[in-house]
Amino acid sequence: MTEFSNLPNSLEEFKESKIPEDRLFYKKVINEILSLGEKLLKMASDLEEKKQLENSLDELKEMIEEYSLYPSLKGVIAPPGKQVSLISTEI
Amino acid sequence: MNHNPTIKRLQEIAKLHIPSKDVYPTLYKSFDKAMDGGLREGELITVSGVSGEGKTSWIRNLTINFSKQSIPTLWFSYEEDPFYLYENFKKIDNNPEDILAYSPVELISGELKFIEEEIKEAVEEKAIKVIVIDHLHFLVNLKSSVNSSLFIGGIARELKKMAVKYKIMLFLIAHTRKVNVGDELGLASIRDSALIVCESDYVFLIERRRKKKTAREKLESDYISAGDTLLNESRITLAKNRRTGKVLYMDFGVKEGRFLPITKQYDENTFQ
Chain V
1 MTEFSNLPNS LEEFKESKIP EDRLFYKKVI NEILSLGEKL LKMASDLEEK KQLENSLDEL
61 KEMIEEYSLY PSLKGVIAPP GKQVSLISTE I
Chain R
1001 MNHNPTIKRL QEIAKLHIPS KDVYPTLYKS FDKAMDGGLR EGELITVSGV SGEGKTSWIR
1061 NLTINFSKQS IPTLWFSYEE DPFYLYENFK KIDNNPEDIL AYSPVELISG ELKFIEEEIK
1121 EAVEEKAIKV IVIDHLHFLV NLKSSVNSSL FIGGIARELK KMAVKYKIML FLIAHTRKVN
1181 VGDELGLASI RDSALIVCES DYVFLIERRR KKKTAREKLE SDYISAGDTL LNESRITLAK
1241 NRRTGKVLYM DFGVKEGRFL PITKQYDENT FQ
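Just so you know, the protein sequences line up as chains V and R, in that order. For the first sequence, counting from 1, position 40 maps to 40 in the numbering used here; every step adds exactly one. For the second sequence, counting from 1, position 176 maps to 1176 in the numbering used here; every step adds exactly one.
Okay, chain R solo, but in the shape it has when bound (with noise of 0.2 angstroms):
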């Protein structure tokens, strides 16, 4: 007779896994309202956008939202430099001492096995219940020769794993492919996408929006500034939603890396 079944009757395994009550809201409305409340741990939200156009900004504003309810976030932050993270953090808080935001002493690597360890020293030893990982190319070796997409996907997967078992919320921000200007973004602008979108819970994808230029103002610009003004304003459009299958954008007022919602909201009808 085993003495340690590794396998149990269901109504057993069930009160094992009873699912947590906590929702960790983005203090966001609209998202939060499509969302069922807001986040909850173990879910993997991926963060895409063309280069440049807010999505550490805004993933800055959401620690800070998050901070304000005492749930602190840990950035493996790849592209920014810790201290540039903080000057930017400082730029958009009156308190940034105050900010829950951590980082690893140390960014030796971006291997998953050295992103778990500290993941689990953060929920340890500091109650760590956000993390950022910005970005998720940093976690792949572009010399290697294996299927970038399938590797990529297999990273997700890992990383989508790691939030179940830790119990938390990881943002993931992902490079779009090579985007036109005016053309619009979708799930299959994520760069090497198919498997990131699968493994998300959530998806949001950011894009400045721009003013047309009219036919006029085009033949009195300059070469240089020929295109499109861009507009001090973000959409953000939550575009895969596994809990309640709402999708629906917010525009957001960007100003010094604050972003602030404007009142008038879209839901999915307006959306489609």
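The shape of chain V in the complex, shown without the other chains (with noise of 0.2 angstroms):
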């Protein structure tokens, strides 16, 4: 568990919602703290603590990098197919 796993419940409440929206707002939080966290990164002069911190930060990087906005796809995987033009070139 990260360091930040005390987060209030709000908040674990809009990491589980099921409106992408909520979600969103969930991951711009995360990012927040995951940008204080860099910053604070750079200040620390213990060894000790910085260590710390990077590894909460890691794991938080993973977990959001992993977090989908939309739970319901979670898993599903394009069959292999045809690649779409991005833009037409027909005539």
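These are computed hints drawn from the structure, not numbers from a lab. In this text, a Cβ means the ideal position worked out from N, Cα and C, and glycines have one as well. Be careful, since some hints might not be right.
List time: in silico DSS-like cross-link candidates among lysine-lysine, alpha-carbon distance up to 25 angstroms [unchecked claim]:
no., chain 1, residue 1, chain 2, residue 2
1, R, LYS1255, R, LYS1212
2, V, LYS15, R, LYS1167
3, R, LYS1068, R, LYS1029
4, V, LYS28, R, LYS1167
Computed Cβ-Cβ distance ranges for the label pairs, DEER-style [claimed, not checked]:
no., chain 1, residue 1, chain 2, residue 2, range
5, R, LYS1091, V, PRO71, 21 to 31 angstroms
6, V, TYR67, R, PHE1114, 30 to 40 angstroms
7, R, ASP1032, V, SER17, 19 to 29 angstroms
8, R, GLU1117, V, LYS39, 28 to 38 angstroms
9, R, VAL1164, V, MET63, 25 to 35 angstroms
10, V, GLN52, R, PRO1005, 32 to 42 angstroms
11, V, GLU54, R, PHE1114, 28 to 38 angstroms
12, V, LYS51, R, ASP1032, 42 to 52 angstroms
13, V, GLN52, R, GLU1125, 31 to 41 angstroms
14, V, GLU65, R, ARG1208, 39 to 49 angstroms
15, V, LYS39, R, GLU1256, 51 to 61 angstroms
Taking the hints as your guide, dock the two standalone chains into a single complex.
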């Protein structure tokens, strides 16, 4: 568990919400925390403290990278298909 | 030496463009199968049909299907006032307040600049994945003297670019040109069709099914109802499919705005 596991319940509710808008809010809050954490990391001088913070940030980064805004779509993998051109060249 | 090169080795650039693995099913099995699982980010989908035959209704049904999968839709509803749009959602869903459908507070204009600003906000603030524009010809200044087909083609291209840029799926409703009763719809039926069809990844055509009257029934009919009888069924044809090339149609029973697939479905072999 990360040092951020004691987040308020309300934020947890955003995390678990089925509404992508709420989940996006949660993601933004975590990204804010991450950016604050990065700033703290630069200022930290105690090596032990620095290492701990670094680990926590890494865990949080990994978690947010895997976090889906569309929970029902999680795990749906596109079957191999033909590449669709980005912009049509047909006349 | 240029420290900010705008050209790099292809293998480096390719890493920046790994396609998303997410597929967004429409929940209509045959269509999803034909599209290799469903829709994908960056796709432009045109829905066309004769006025009043169910284009907007069907996309309302699709919005509900997406919503069931937590996929939100933003409607640019130029044809229906938001009040009536919501009223119509209420008719087809028992929990309309749970539908993940959104609308701009005010539809200020049909200019692409406005549409792009709203899409940007929708994606960044509301995690919107599907956009519906009802309908294409509201984006056109009909008083303008420029060649409208070319202009409309240009709009379709800009919308396709937006779909790619914002990683969304964009549904575009387009009217058909004048079609005679009984004529079958085809890609050429779409008003100002050529360039719209070219830019679209998928084209769906909607037509209300009709039952031909017998000669006797025609004789017995009064003047007004002398034509064929309209059925509560719609045929939706996937007429262009850039991903797999498969074209097919599905028949739907339509009851109070709800589209329910009729079990019997047809593949492209039947279609030909």
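Here's how the hints hold up against the structure:
Distance check on the hinted pair: LYS1255 (chain R) and LYS1212 (chain R) sit about 21 angstroms apart at the alpha-carbon level, within 25 angstroms; holds. Of the supplied pair hints, the one linking LYS15 (chain V) and LYS1167 (chain R) holds, its CA atoms being roughly 23 angstroms apart against a limit of 25 angstroms. With a C-alpha separation of about 15 angstroms, the suggested pairing of LYS1068 (chain R) with LYS1029 (chain R) holds against the 25 angstroms cut-off. A C-alpha spacing of about 18 angstroms is found between LYS28 (chain V) and LYS1167 (chain R), which places the hinted pair at or below 25 angstroms, so the restraint holds.
Distance hint check for LYS1091 (chain R) and PRO71 (chain V): the Cβ-Cβ separation is about 28 angstroms, which falls inside the suggested range of 21 to 31 angstroms. Evaluation of the 30 to 40 angstroms hint for TYR67 (chain V) and PHE1114 (chain R) yields a pass: the beta carbon distance comes to about 32 angstroms. The supplied range of 19 to 29 angstroms is met by ASP1032 (chain R) and SER17 (chain V), whose beta-carbon atoms lie about 26 angstroms from each other. Taken as a hint, the range 28 to 38 angstroms holds for the pair GLU1117 (chain R) and LYS39 (chain V), whose Cβ atoms sit roughly 32 angstroms apart.
Restraint check, VAL1164 (chain R) to MET63 (chain V): a C-beta distance of roughly 29 angstroms satisfies the suggested window 25 to 35 angstroms. Roughly 39 angstroms separates the CB atoms of GLN52 (chain V) and PRO1005 (chain R), a value that falls within the hinted 32 to 42 angstroms. Judged by the Cβ atoms, the range 28 to 38 angstroms given for GLU54 (chain V) and PHE1114 (chain R) is violated: they are separated by roughly 45 angstroms. Distance hint check: the CB atoms of LYS51 (chain V) and ASP1032 (chain R) are about 49 angstroms apart, consistent with the given range 42 to 52 angstroms.
At about 34 angstroms, the CB distance of GLN52 (chain V) to GLU1125 (chain R) agrees with the hint of 31 to 41 angstroms. Against the hinted window of 39 to 49 angstroms, the Cβ-Cβ separation of GLU65 (chain V) and ARG1208 (chain R) comes to about 48 angstroms, which satisfies the hint. For LYS39 (chain V) and GLU1256 (chain R), the hinted distance range of 51 to 61 angstroms is satisfied, since their beta carbons lie about 57 angstroms from each other.
The structure fails to meet hint 11 from the earlier list, while all remaining hints are met.
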